[in-house]
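Colleague: If you want the building blocks of each chain, they are given just below.
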Amino acid sequence: MLMFAIRRIVISIPVLIGITAILFVMLNVVPGDPIALLMKEHASPEVIERVRAQMHLDDPLITRYFRFLWDAVQGDLGISIKLNRSVTSLIMNAFPNTMMLAASAACVSWIIGIPAGILSAVRRDSFLDHFFMGFSLLGVSMPIFWSALLFQYVFAMQLRWLPVSGFYGWQYLILPALVLGWSSAGVIARLTRSSLLEVMRHDYIRTARAKGLREVGVISRHALKNALIPVVTIMAIQVATLLSGAVITEAIFGIPGVGRISVSAIQSRDMPLLQGSVLFATALVILGNLIADMLYSVLDPRIRSQMTKAAP
Amino acid sequence: MSLTSEMTALAPDVIEETSFLRDALRAFRKNRMAMVGLFFVVTLILAAVFAPWISPHDPYRVALDEQLLPASSTYWLGTDNFGRDILTRILYGARVSLVVGTVPSLIALMIGTVMGILSGYLGGRTDFVVMRLADMMISFPSLLLAMVVMYTLGANLLNIFIALALVGWASVARVVRSQTLALKGKEFIEAARANGASRATIMFRHIFPNVVPTLIVLFSLSIPDAIMWESSLSFLGVGVQPPGSSWGLLVAKGKEYLFQAPLVAIAPGVAILLTVLAFNFIGDGLRDALDPSMKD
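Just so you know, the sequences run in chain order R and V. Under our numbering, the first residue of the first sequence is numbered 3, with each subsequent residue one higher. Under our numbering, the first residue of the second sequence is numbered 95, with each subsequent residue one higher.
Bear in mind the hints are in silico, worked out from the structure with no lab data behind them. Note that the structure is a prediction, hence the values are computed from the model and not measured. A virtual CB, placed ideally from N, CA and C, is assigned to each residue, including glycine. Just so you know, not all the hints are guaranteed correct.
Quick list of in silico lysine to any residue cross-link-like pairs, SDA-like style, CA-CA up to 25 Å [to be verified]:
1) V:LYS349 / V:ASN175
2) V:LYS349 / R:GLN269
3) V:LYS349 / R:LEU175
Okay, the calculated bits of chain R under chain V, using three or more residues with CB under 8 Å as the criterion [stated by the list, open to error]:
4) 22-31
5) 118-127
6) 263-277
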């Protein structure tokens, strides 16, 4: 297990470094001078020149990349051009909000997704199964920005049950959590259903039934243990994705999270801020995948031996 | 009647000529949801192609005295803030969505297939490099990666193709690689090698045809994803630019009038939802027909 973990971590490091390189090149080959663009006609050429030198923008790309990497390792992601504040502190201020949103969305998705998947599998091809699967399919097929608007219109504007947008208390989290949770619940429900159906075909389930165990016991004590393994790993990846910033949801509901930072950085063409927030989000996704793989191998020894062999 | 003549009489019905393709086609046709999806998509394609002839109004005609009208017999889905007919705008938007759904998916498929076969067949260093590159692309949150590409290259249709192809090729490469690995050990590949076939011949004449069914399934399932990404990018303002018409852009513009005229934002969203559902049905149907092993 330890060998597997170490191997998995070692593989992640070049991936992360490669990502910083791709990101850095993509963001730094943008045609046009970011400083000139930012200061427009207010600044004289001398001032622009001085700011460029201050930000090391005249150094060769490779030198700038290694400086960026070195600073990033130490937790320094540079200074936002527009807000003139440390990118790291901006992200760290926004992250708790994103965490709250991610946690509540994950709760919604599990509370809906897992029971819906189990019921659908147990009552396969019944009305309940079709209902839940239709509900899940709708969840994954609706564009988030549209379902968010629909929820705002129905629950905030028409029924006036909840606030439209903003972030001043727990009630502001309900609509965004439902919107995000529904789309993730669809994935969880479909996976839970198919995984449980797969497990129910195994011989040990027949044995459990044959020894006289009631169906509830068969499912809860025998089948679910194995059926939920892939579900748990998908959950880990989903949480990481949610933490990396629900870009659209945060933008529509006005939640000042990490996703909002990326969007506003693009809109104001604030390169260091965009670079920092995307790097942060990507690192979270890599970490989430790492945790998912570890969980997978802890929960299922069969996978562990397979993965150690199959990984290139 | 003797037994032999009875058997010959039965034979034409019982022993029908079958092939992989024919079986797959029959299974697909039996899938009711897939047929519904196919019907919807074909109708949509026709509507998009013939939009100038069938749409009731001019998509760009501004009529300031007809702003935000509710649905009526003249304007079936009402009008937007410039007095333009929403149904017409949706029909024209279908052109963008369908093109953006297919073109980048095709590019991603081509890159992913070549990378996957090379990686799986050659193994060693090639495999390591390609797979780490794929790991990197998959680790980027897709929407953010697409946003960064649009930021760098500028917001226009061609760059949306590039951004979405960049997001999509890695997962194709992974699937193709694992299939190539499985095929590599089969006897017919060994036979080809024994016959003196070059590596390129083996990869693209012998392995590639066997990956095609999977590619068809991947293609049909990546179209709805691409449509979603495009509409999300356009919604955030880094995709299709006004006065162009894309479903995501229509929802974004309609958002400001959600209270006075909810249809402006909601109608194009329904178009996205139905199209994504239809492609998903087709994709599921194709997967069950062509490659049941992909079903999880």
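Colleague: Next step is simple, just say for each hint if it's right about the structure.
Modeller: Now for the hints, and whether the structure bears them out:
1. Under the criterion of a C-alpha separation no larger than 25 Å, the hint pairing V:LYS349 with V:ASN175 is consistent with the structure, at around 11 Å.
2. Between the alpha carbons of V:LYS349 and R:GLN269 the distance comes to roughly 18 Å, so the proposed pair stays at or under 25 Å and holds.
3. The hinted pair formed by V:LYS349 and R:LEU175 meets the criterion: a straight-line CA distance of about 20 Å does not exceed 25 Å.
4. Counting residues of the segment 22-31 of chain R whose CB lies closer than 8 Å to any CB of chain V gives 5, which reaches the minimum of 3, so the coverage claim holds.
5. Figure legend: the segment 118-127 of chain R, annotated as covered by chain V; annotation inconsistent (0 residues with Cβ-Cβ distances under 8 Å, at least 3 required).
6. For the segment 263-277 of chain R, the stated coverage by chain V is satisfied: 6 residues place a CB nearer than 8 Å to a CB of that chain, which reaches the threshold of 3.
Checked against the numbered hints above, the structure violates only hint 5.
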